[in-house]
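Undergrad: Residue-level listing of the chains:
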Amino acid sequence: MSTSNIRQGSLEIVDQEKIISRGSLYVAQARLAAMMKWVWMILAIAVANPVLYLLSIGVGVGAFIDKSAGPAGIDGVKYLTFLAPALLATAAIQGAIDESVFPTLEGFNGWKNFFGMNATPISGNQIATGVFLASFVRVVGTVIIYWFVMLAFGALESSKAWLAIPTAVMAGVAFGSITQAIAGLLKDENMFFVIFNRFILMPLFLFSGTFYPLSSMPSYLQWIGWISPLWHSTELGRYLTYGHALTQTMAITHMVFLLTLLVLGIFFSRRIFTQRLAK
Amino acid sequence: MSSPLITARGLTKKFDEFVAVDEIDFDVARGESFGLLGPNGAGKSTTMRIIGATSQRTSGDLTILGMDPEKFGPQIRAHLGVVPQQDNLDMQLSVSENLYIYGRYFGLSRKFLKTKIEELLEFAQLEEKRNAKVESLSGGMKRRLTIARGLVSEPEILMLDEPTTGLDPQARHILWDRLFRLKEQGVTLVITTHFMDEAEQLCDRLVVMDKGKIMAEGSPAQLIKDYSTKEVLEIRFGSERNSAMAEQLRGMCDRIEELPDRILLYSEDGEALLEKIYSAGMHPKTSLVRRSSLEDVFLRLTGRTLVD
Chain Y
1 MSTSNIRQGS LEIVDQEKII SRGSLYVAQA RLAAMMKWVW MILAIAVANP VLYLLSIGVG
61 VGAFIDKSAG PAGIDGVKYL TFLAPALLAT AAIQGAIDES VFPTLEGFNG WKNFFGMNAT
121 PISGNQIATG VFLASFVRVV GTVIIYWFVM LAFGALESSK AWLAIPTAVM AGVAFGSITQ
181 AIAGLLKDEN MFFVIFNRFI LMPLFLFSGT FYPLSSMPSY LQWIGWISPL WHSTELGRYL
241 TYGHALTQTM AITHMVFLLT LLVLGIFFSR RIFTQRLAK
Chain Z
1 MSSPLITARG LTKKFDEFVA VDEIDFDVAR GESFGLLGPN GAGKSTTMRI IGATSQRTSG
61 DLTILGMDPE KFGPQIRAHL GVVPQQDNLD MQLSVSENLY IYGRYFGLSR KFLKTKIEEL
121 LEFAQLEEKR NAKVESLSGG MKRRLTIARG LVSEPEILML DEPTTGLDPQ ARHILWDRLF
181 RLKEQGVTLV ITTHFMDEAE QLCDRLVVMD KGKIMAEGSP AQLIKDYSTK EVLEIRFGSE
241 RNSAMAEQLR GMCDRIEELP DRILLYSEDG EALLEKIYSA GMHPKTSLVR RSSLEDVFLR
301 LTGRTLVD
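The listed protein sequences derive, respectively, from chains Y and Z. No gaps in the numbering here: position 201 of the first sequence is 201 in our numbering, and each next residue is one more. No gaps in the numbering here: position 307 of the second sequence is 307 in our numbering, and each next residue is one more.
You may find that some hints are simply not true.
Claimed, not checked - In silico DSSO-like pairs for lysine-lysine, Cα to Cα no more than 27 Å straight-line: (1) Z:Lys-276 to Z:Lys-225; (2) Z:Lys-14 to Y:Lys-37; (3) Z:Lys-225 to Y:Lys-18; (4) Z:Lys-276 to Y:Lys-279; (5) Z:Lys-225 to Y:Lys-187; (6) Y:Lys-18 to Z:Lys-71.
Think of the hints as simulated: they come from the structure by calculation, not from any bench. These numbers come from a predicted model, not from an experiment.
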């Protein structure tokens with residue numbers, strides 16, 4: 001039988017200052033603890049994904065394309081080298097969506113654990129920021145692993161290639177923050193993201209200059225690239241990994257686009273989370 | 001007496017046109033076990049979420065621990081332990097991780113939590129489940145974990161929304177034992193329930209709520225005294241005859257309530273009343289004399305039963 005005495009001492013032990021300054025880190029800690037439950041799966045996906053894609057499309061399909069392209073190559077390089085930065089950014093986006101959409105849908109609709117968090121001094125803003133930070137960690141991990149696989153495949157030709165890590169991470173978190181905000185609005189768990197995956201994510205993947213330069217697509221389809229974080233990040237990635245031609249203006253445009261999405265995504269996530277929890 | 005921990009005056013919450021909580025007034029004193037009794041949809045949970053400093057009120061005045069929750073939500077929540085109707089635990093984490101993470105949300109140190117978690121696992125009788133995933137726990141265990149979680153910060157007020165709804169009788173009794181222990185130790189409790197036996201056992205004082213309004217307030221014993229008789233005689237003549245018999249019985253006792261399956265007769269002496277009914281030549285199929293409960297108070301106040 002219990003001998004413990006339940007005290008009422010919160011006035012002495014709860015540290016308000018600490019909660020205000022570190023609250024979102026505590027939320028991120030909870031998310032990371034949950035990720036650790038299936039860390040081997042996350043790592044396996046992070047390695048298998050680049051190996052399979054780079055091998056099958058980069059090397060396999062690449063052999064045909066390189067043969068017909070001749071010594072000029074695609075954009076001056078082997079197809080593998082051309083394709084890899086786009087796949088890198090795609091993996092970043094996929095990882096970010098996993099860690100922003102799923103916890104947000106469960107947090108509000110399924111397990112409703114966001115309401116549990118919000119019953120403590122933790123605010124809606126801190127929950128939104130914490131979920132974002134945890135997805136950021138996942139994205140960074142995924143991108144670094146992917147980058148080393150690219151290195152092993154000989155797909156990195158420039159001394160600036162390591163800078164493709166942050167630009168791919170940018171694509172991931174920019175996209176992830178937006179989907180986190182959208183997920184925060186949803187009451188129904190499934191339908192939206194079934195539609196989202198089929199009709200938004202898939203076309204973006206296919207029409208963002210992933211498999212061939214955007215300029216070789218019909219002009220009436222090129223706008224898809226312009227609204228796609230994947231294309232903006234891929235352009236930067238190609239410049240950084242093999243020296244794809246990129247003007248300074250365009251480089252800045254790509255960066256500003258991704259940063260703007262990120263800022264908007266975080267801003268709206270925080271706002272949507274706070275409003276939904278206060279209902 | 002020290003000033004109340006919670007003071008509500010004209011507290012109102014509207015969702016668009018729907019008035020969920022309608023100008024209610026109440027106080028909760030330190031060390032008191034205060035209950036909100038009412039059927040589903042009475043506005044109890046909404047009231048709890050407003051006191052929990054998460055949901056914003058539409059109008060009225062509310063002070064919790066001397067602060068207005070509209071301005072000082074996180075500061076108030078720092079001293080509340082909340083046990084919601086749905087166990088919103090982190091399903092991906094283990095039992096002890098849930099307690100640890102929740103403690104972190106209050107800014108509590110690792111060192112403090114290490115001992116606290118042991119204490120709470122013992123309290124919740126979950127020591128052997130410490131490393132189990134929450135998903136694998138039974139309903140009663142999840143509930144006890146949610147209560148233990150609510151105690152991690154040693155809150156000034158522990159708020160329990162329908163603490164035993166959905167549990168089987170055995171799990172419910174284990175939980176009542178735990179909650180009674182807290183009450184004995186002087187923890188301030190705010191409890192909502194639609195079970196009258198729960199309210200009678202755990203609450204020092206309660207308000208009866210219906211359709212967002214407070215219908216009555218007092219201790220369970222006082223409410224029964226004010227709104228019911230000492231005893232109740234329940235008799236059944238069979239569903240077709242109940243109605244006709246109820247007419248004949250009127251005037252034989254203080255008050256009659258006719259329910260679909262039985263007739264309730266309110267009297268100071270149930271046995272004597274039953275004698276009188278037999279003497280009058282009426283022979284009910286079954287009869288039962290019991291003492292009045294909060295269920296009878298609710299029936300008197302609203303004309304409806306608590307659990308439909």
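Undergrad: Hint check: Z:Lys-14 vs Y:Lys-37, CA-CA at most 27 Å. Holds or violated?
TA: With Cα atoms ~42 Å apart, Z:Lys-14 and Y:Lys-37 exceed 27 Å; violated.
Undergrad: Decide if the proposed pair is consistent with the structure: Z:Lys-225 and Y:Lys-187, CA atoms, cutoff 27 Å inclusive.
TA: violated, 46 Å
Undergrad: Has the given pair, Z:Lys-276 with Y:Lys-279, been kept, meaning a C-alpha gap of at most 27 Å?
TA: It is violated: about 56 Å lies between the C-alpha atoms, which goes past 27 Å.
Undergrad: Quick one, are Y:Lys-18 and Z:Lys-71 close enough, alpha carbons at most 27 Å?
TA: holds, 19 Å
Undergrad: Take the C-alpha atoms of Z:Lys-276 and Z:Lys-225, compute the straight-line distance between them, and say whether it is at most 27 Å.
TA: Roughly 24 Å between the alpha carbons, so the hint for Z:Lys-276 and Z:Lys-225 holds.
Undergrad: For Z:Lys-225 and Y:Lys-18, compute the direct alpha-carbon distance and say whether it is at most 27 Å.
TA: Roughly 50 Å separates the two Cα atoms, so the pair is violated.
Hint violations for this structure: numbers 2, 3, 4 and 5, all remaining hints satisfied.
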